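Participant: So you can see what is in the structure, the chains are spelled out below.
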Amino acid sequence: MGPVWRDRAEKRLRSLALAAGVLLAGAAAAATPRAPDVDALLARIDDLYRSKGSVARLEITVVSPRTTRTMRLAAWTRGEEQVLVVVEAPPREAGTATLRDGDNLWNWLPRIARTIRVPPSMMLGSWMGTDFTNDDLVKESSLRKDFQAKVERRSEAPPGWWIGLTAKPGVVGRWARIELLVGDDDLPIEERHFDRKGRLARTMRFDEVRTMGGRRIPSHMALVPEGTEGKRTEMRYLEVRFDAEVPADTFSLANLERSR
Amino acid sequence: MTGSTLRLAWRNLWRNRRRTTLAVTAIGLSVVLVLAYDSVLRAYGDWMTETVTGPMLGHVQVHAPEWRKDRSMDRTLRDVTATLSALRRDPEVTDATARVYAPALAAVGEEGFAVVVVGVDPAAETHPMGLLAGAPALPAGRSVLVGRLLAEQMGLRVGDSLAVVGQGADGSLANDLYRVAGLVDTSVDFVNRQGVLMALGEAQTLFAMGDEAHELVVRGRDPARAGELASHLSALPALRGLEVLDWRTLSPEMVGLIELVGVAWLFVLVLVLVAAAAGVANTMLMSTHERTHELGMLLALGARPGRIVRMVVVEALMLGLVGALAGTGVGVALVAATHRTGVDYAALTGGGPQELSFGGLRWSLRLYPTLAVEDVLRVVAAVGLTSLVAAAWPAARVARLQPSKALRG
Chain L
-19 MGPVWRDRAE KRLRSLALAA GVLLAGAAAA ATPRAPDVDA LLARIDDLYR
31 SKGSVARLEI TVVSPRTTRT MRLAAWTRGE EQVLVVVEAP PREAGTATLR
81 DGDNLWNWLP RIARTIRVPP SMMLGSWMGT DFTNDDLVKE SSLRKDFQAK
131 VERRSEAPPG WWIGLTAKPG VVGRWARIEL LVGDDDLPIE ERHFDRKGRL
181 ARTMRFDEVR TMGGRRIPSH MALVPEGTEG KRTEMRYLEV RFDAEVPADT
231 FSLANLERSR
Chain U
110 MTGSTLRLAW RNLWRNRRRT TLAVTAIGLS VVLVLAYDSV LRAYGDWMTE
160 TVTGPMLGHV QVHAPEWRKD RSMDRTLRDV TATLSALRRD PEVTDATARV
210 YAPALAAVGE EGFAVVVVGV DPAAETHPMG LLAGAPALPA GRSVLVGRLL
260 AEQMGLRVGD SLAVVGQGAD GSLANDLYRV AGLVDTSVDF VNRQGVLMAL
310 GEAQTLFAMG DEAHELVVRG RDPARAGELA SHLSALPALR GLEVLDWRTL
360 SPEMVGLIEL VGVAWLFVLV LVLVAAAAGV ANTMLMSTHE RTHELGMLLA
410 LGARPGRIVR MVVVEALMLG LVGALAGTGV GVALVAATHR TGVDYAALTG
460 GGPQELSFGG LRWSLRLYPT LAVEDVLRVV AAVGLTSLVA AAWPAARVAR
510 LQPSKALRG
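Note that the protein sequences, when read in sequence, are chains L and U. First residue of the first sequence? That's -19 in the numbering used here, and the numbers climb one at a time after it. First residue of the second sequence? That's 110 in the numbering used here, and the numbers climb one at a time after it.
Since the hints were derived computationally from the structure, they do not count as laboratory data. Predicted model, so just to flag it, every value in this text is computed and none were measured. Treat the hints with care, since some could be wrong.
[Said to hold, decoys possible] In silico lysine-lysine, PhoX-like type, Cα no more than 20 Å apart, as pairs: (1) L:K148 to L:K125; (2) L:K130 to L:K148; (3) L:K125 to L:K32; (4) L:K148 to L:K177; (5) L:K211 to U:K178; (6) U:K178 to L:K177.
Assemble the whole structure, with the sequences as input and the hints as a guide.
Facilitator: What follows is the structure, encoded as structure tokens:
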């Protein structure tokens, strides 16, 4: 092999190193991700569990310092206005149903064969003994529409971004501020709700990301209210179908009262 | 002080009948006023204590720790039957009863209303200070009494079937149907507005509670001694680890009001002091001035100035006390006349509301004036003291009297 060849080889090596360097630099740039597009992100999170129609089965566990109770539920939704939830287990409560149509909320109680509309004054009351309120079922809170959002800081573990959401002036709602941790996979990890007095009222954690009904979603959520030691409500999707055709008459009082 | 001084003073006092009568009347009237005011204040204090400790609070309450903070259904008192009988055996306790409180949704038709189910022992709550005083009977079985305002709001009638939905102490769904046996009108606002009352046992069944309750209401003999009762009871083995509080601790804002009433008499007492001081000082100044010549004569005849000063002071004291006694007589008679039937404040204010609502309680506007011996003694003593002080000026004048000048003047 002559010196010319060696020279060529050297050149090739050098350009290789250069290419590697460029590549490495690129990788390094990728490791410090740029802040996400908040608007698109919130739109995505707002719509994460929404579709024109869905059918799901869920399990809800209510944990309190002295008791733990698990319910299995079937749920139907249509658009953003209509929800029907029917308790499947335990047997004592089976058949109990909640129907939401717009701002109205009814409970069907098979034991006494009565349908009762939940009054506005009880919207902040517990829904079916969980830490969720009736209001959580009825409200159409949209993070994007109701809040002013700003990326606040980077979270390292888990990797993601903290987004601060401040209620827009004139929006009447329970939360004055929400802090949302969104992972780098654009899925929510934690949501902290602050009341109108600026106090942390509750924390919702999302985990067990799974592909269900064709979407990658956190399939498990834990809602931890502040102020009551040892209380929390966990909710797990057992199965879910998004973009399902749900007939409109599913959400009628007549259907609610029909023995299911 | 000799009898002659007293006799002399008395005679001097009535030398100018009209002036003395006027002074006595002024002092007497102000005493009547003060006594009337005192008696109303006392009635007011008793009435407040009675209304506050009345049907809702009792003298002492027992709860599971933390229950008062969040009223969580599952923070219950256990073995209630045994605890109650231990309480009822206690010599300091005149009355003890258990209650269950549960927020719920109630409906006659489809419209739900936010209510509070109150589980009570009908037998223990029908006495005059109980929650069911004057209420229609609560039959056994699945029947309820409903607060009148709630019933009006719900458009509910006696005999209706009422659905009650809530959450059991174990977190389960509680729901059942009850017959409305009657409407209740208590002095407790929230019972009238939100109360659905049912028998303790029914409430325990509905809310999946065993021999449990949320509250024990205990009464002793005297609400003023509720603090001692509470500390006595908290030492009982049956109440170990529970929160035992007297009504003053449970309702501090009301205690503040009642205590305010307790010192209000001071302001009115100033009134009688001013009246007595003015009446006595004026009368005595006038009478000593008129008698300058006579007093100078007495001094010239060898009477010691001390004796004359003493006479003036005794006159002043007599004047004050006669007024005070006359006033006390009229005042006590007035209070005695109104004590039994009470004074209807609603009528006095010109047919206003028959009762008023404050602090979550309804207050009847009929007061029962009452006087204690100390009220009377206080006024008489105050008038006496004021008369003595008011006598100082005329007495000082008399003491400085020169016989020669006085005789000439």
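Participant: Does each hint fit the structure? Answer for all of them.
Facilitator: A quick look at each hint next to the structure:
Distance hint between K148 (chain L) and K125 (chain L) is fulfilled; the C-alpha atoms sit about 8 Å from each other, no more than 20 Å. Simply put, K130 (chain L) and K148 (chain L) have alpha-carbon atoms about 12 Å apart, close enough for the 20 Å limit, and the pair holds. Of the pairs offered as hints, the one joining K125 (chain L) and K32 (chain L) holds, with about 19 Å between alpha carbons and a cut-off of 20 Å not exceeded. In summary, the hint linking K148 (chain L) to K177 (chain L) is supported, as the alpha carbons are separated by about 15 Å, within the 20 Å threshold.
Restraint check for K211 (chain L) and K178 (chain U): satisfied, since their Cα atoms lie roughly 15 Å apart, inside the 20 Å limit. Our distance criterion of 20 Å between C-alpha atoms is met by K178 (chain U) and K177 (chain L), whose separation comes to about 19 Å.
In summary, this structure violates none of the numbered hints.
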